Structures are given as structure tokens and as C-alpha cells.
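Enquirer: Sequence:
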Amino acid sequence: MKKKIFFILKILVIVIVVAWMGLFVTDYFRAKNGGKPMVCFNEVNKNTENGTFYRCISLGYKYYEYVDNVKGQATYGFGAVFIKSDIEKEIGE
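The numbering used here numbers the first residue of the sequence shown as 5 and each following residue consecutively.
Just so you know, these hints were derived from the structure itself, not from any lab.
The reader is advised that the hints may include incorrect statements.
[To be verified] The calculated lysine-lysine pairs, modelled on DSBU-like cross-linking and capped at a C-alpha distance of 35 Å, are: (1) Lys-8 - Lys-36; (2) Lys-40 - Lys-75; (3) Lys-93 - Lys-40; (4) Lys-40 - Lys-50; (5) Lys-6 - Lys-36; (6) Lys-93 - Lys-50; (7) Lys-6 - Lys-50; (8) Lys-50 - Lys-14; (9) Lys-36 - Lys-14.
[Stated by the list, open to error] Simulated restraints on C-beta separations: (10) Ile-20 - Glu-94: 31 to 41 Å; (11) Val-22 - Phe-45: 12 to 22 Å; (12) Ile-87 - Phe-11: 54 to 64 Å; (13) Asn-49 - Ile-87: 18 to 28 Å; (14) Glu-47 - Phe-11: 36 to 46 Å; (15) Lys-75 - Ile-12: 53 to 63 Å; (16) Ala-84 - Lys-40: 13 to 23 Å.
Quick caveat, the model's predicted, so the values are computed rather than measured.
Quick reminder that beta carbons are idealized off the backbone N, C-alpha and C, glycines included.
Work out the full structure: start from the sequences and follow the hints.
Expert: Now the structure itself:
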């Protein structure tokens, strides 16, 4: 009986990890192409004097974009939740 429960738990953990990796890879390629993530738990929209900042926090990672209206540039990023990007440091987010 214990072997069966252990086997089911092991399969469940593998399925969860594979699903998370699939979501991570999908969101990464969406961010690379300028799209927004599929799952977003916390969104921040902030207007600064020079542009607009958007951040979306998902399952252990975040997507952010900054559109600089003065220079006419858009910067997109994708990274770990616990690491602040240069843009976040610059605008004080």
C-alpha cells in the first residue's frame, strides 16, 4: 500500500513540475515576442514622467516592460521574482 501511495505522489509531483516548466517556457517565448504572460497573479501599471511601466508576477518569475516615450523605445524583460531589474531600480518600483 505504501509503495502505491509513494508511486502516485511521485507521478503527481512530476506532472506538476512538467506543467510548470511548460508554462514557464511558453511565457518566456511570449515575452521574447512582446506578448504578455498567460498566468498573472499580480499586475502593476505605472506611468512615469518618461514612459509607462508594466509588471506581471507569475509562478516564480515575472515579466516586465517599459515603454520610454522620450526615446521611443520599448524594453521587455523576463526573470526571477526575487531579482530587481535595472528598470525597476531606476523607476523605484
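Enquirer: To test your reading of the hints: which numbers does this structure violate?
Expert: 1, 5, 7, 8 and 12
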